[in-house]
Amino acid sequence: MKQLPLFQPPSITVADLTRYLRDLLEGDELLRDLWVQGEISNLSRPTSGHLYFTLKDSSAALRCVVWRSTAARLRVTMQNGLAVEAHGSIGVYERDGQYQLYVDAVRPAGEGQLFQEFMRLKARLEAEGLFDEERKRPVPARPQRIGIVTSPTGAALQDMLNTLRQRYPLAEVIVAPCAVQGDDAPLEIVAALMSLCRLAEPDVILLARGGGSLEDLWAFNDERVVRAIAASPVPVITGVGHETDFTLADFASDLRAPTPTGAAVLATPNRADLMVEVLGLQERLRDALTLHLNRRRQDLDFALHRLERASPLLRIRSERQRLDGLQERARRAVRQALALQRAHWQARVNRLQALSPAAILRRGFALVERPDGSLVRSAAQVQPGDAVDIRLWDGHVAARIEDRPPFKESSA
Amino acid sequence: MKPQNHPDDIQSLSYEQAFAELEAIVAGLEANQKSLDEALVLFERGQALAAHCAALLDRAELRIRQLGETSALTSENGEDD
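Top to bottom, those sequences are chains A and B. Quick note, the first sequence lines up with residues 1 to 412 if you use the numbering used here. Quick note, the second sequence lines up with residues 1001 to 1081 if you use the numbering used here.
Honestly, the hints are just simulated from the structure, not real lab data. Quick caveat: nothing in here was measured; it's all calculated off a predicted structure. There could be a bad hint or two in this list.
If you want the ones that stay clear, here's a sample from chain B, every Cβ over 12 Å from chain A, calculated [unchecked claim]: (1) D1009; (2) Q1011; (3) H1052.
Chain A regions said to be covered by chain B (calculated; three or more residues, Cβ under 8 Å) [said to hold, decoys possible]: (4) 141-154; (5) 158-167; (6) 174-181; (7) 194-205; (8) 288-299; (9) 317-329; (10) 390-396.
Just so you know, even glycine gets a beta-carbon here, dropped at the ideal spot from N, CA and C.
Chain A extracted, bound-state conformation (with noise of 0.2 Å):
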């Protein structure tokens, strides 16, 4: 804004240059994204739920502003005197003419070290190799020793056996107890890997310990534990912590698991899965055997074909046709035969019965008895007055003889 000479500088309102102020303060990226670290003072807790507090340390004093949604979220129990690290931006409280800390996350004073300390290890050990994915070795499809390293009382170890116990009973389960936090653990976790390696010759290791803060899960972070598992002859999966947390001994292992539980379940089929598995086998087996015997079959059916066509059968069967024609035409010439006899017969029949007595008398003539029945043959052996019976082919009459005339006596 150029000013004209003539006039006095033009004054803005507070309003305006709080603003500006605003602007300035809430456009520097640095301002947007930092971590201040200081003691809490003047803490309170309206029942809004947001949070207000004092960062302080020796010379000089931030306000800071925690909202509710993030308050509910913290994981640092907050109290006056408590050092501690805040994460969040600047901002500008226009009313009060304040800057203020916007705070969306606080950790313990000394976890920003702790951190530094994590980066530079993980360089060092990355730089030597130990991370490197072609050391990562496959786990096996189905251990049937599986080895866990963890604490012998922590949920961790319960979720794993009842993860274990539903997917892959079959396995046999080695548990190497040990610490895991506190200044031992990392000792203590070495010793359970090399134990169980050497006592009980796993299929896999699971190393895992439930969710906890950044400190809980130190040990895990520890460099003899992450050589340790580097060094293990038997596959690691990691599961620390939750699905955020990652450590250097995830790094180092074989498979990461987000959770204890993630980790029993990567390391083992299903059982479900295995049974349709077997019940697939099963299927094939059946099929297998069906074709099989098909097969079988139908070189049987082809066999049997051939067969047929070479066999003397077809021949016998051939000679028995020729043998049935020859039969019916012998039955034939008999028949004929015994016709013509028959024919024979009755013609003879026939002029044996012209030749009988009764044949004759159809033809007209007759016969002459006397009563006693003898048969008149000569005209001389009747007188007149003779009574005769004459017989004709269909009965008698009874006649007298009235007269004779006169014959010649034959001989006879």
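Once you have looked at the hints, place chain B on chain A.
Leaving out everything else, chain B in the frame of chain A:
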């Protein structure tokens, strides 16, 4: 894969052993190089193996032991600490 005539031996097979043999038998049977007698024997053994696998899956109980409970480990721990 040499089929054995006594199905009793199947009972003593681990799941992995039984499953591996079952897979081999199926593959062998599918290759169809066997005589009918052999095929039938293989089939029966395959069925028995499948039943054994299924039974193992159904009945298995997770076996759990703790290293620290064995005397051998106690001394190991002593050295390592």
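Here is how each hint holds up against the structure:
1. D1009: Check passes; 19 Å lies beyond 12 Å.
2. Q1011: holds (15 Å)
3. H1052: violated (9 Å)
4. 141-154: holds (count 3)
5. 158-167: Held - the stretch 158-167 of chain A has 3 residues with a Cβ nearer than 8 Å to chain B, which meets the minimum of three.
6. 174-181: holds (count 4)
7. 194-205: holds (count 6)
8. 288-299: With 7 residues close enough to chain B, the hint holds.
9. 317-329: violated (count 0)
10. 390-396: Result for this restraint: violated, n = 0.
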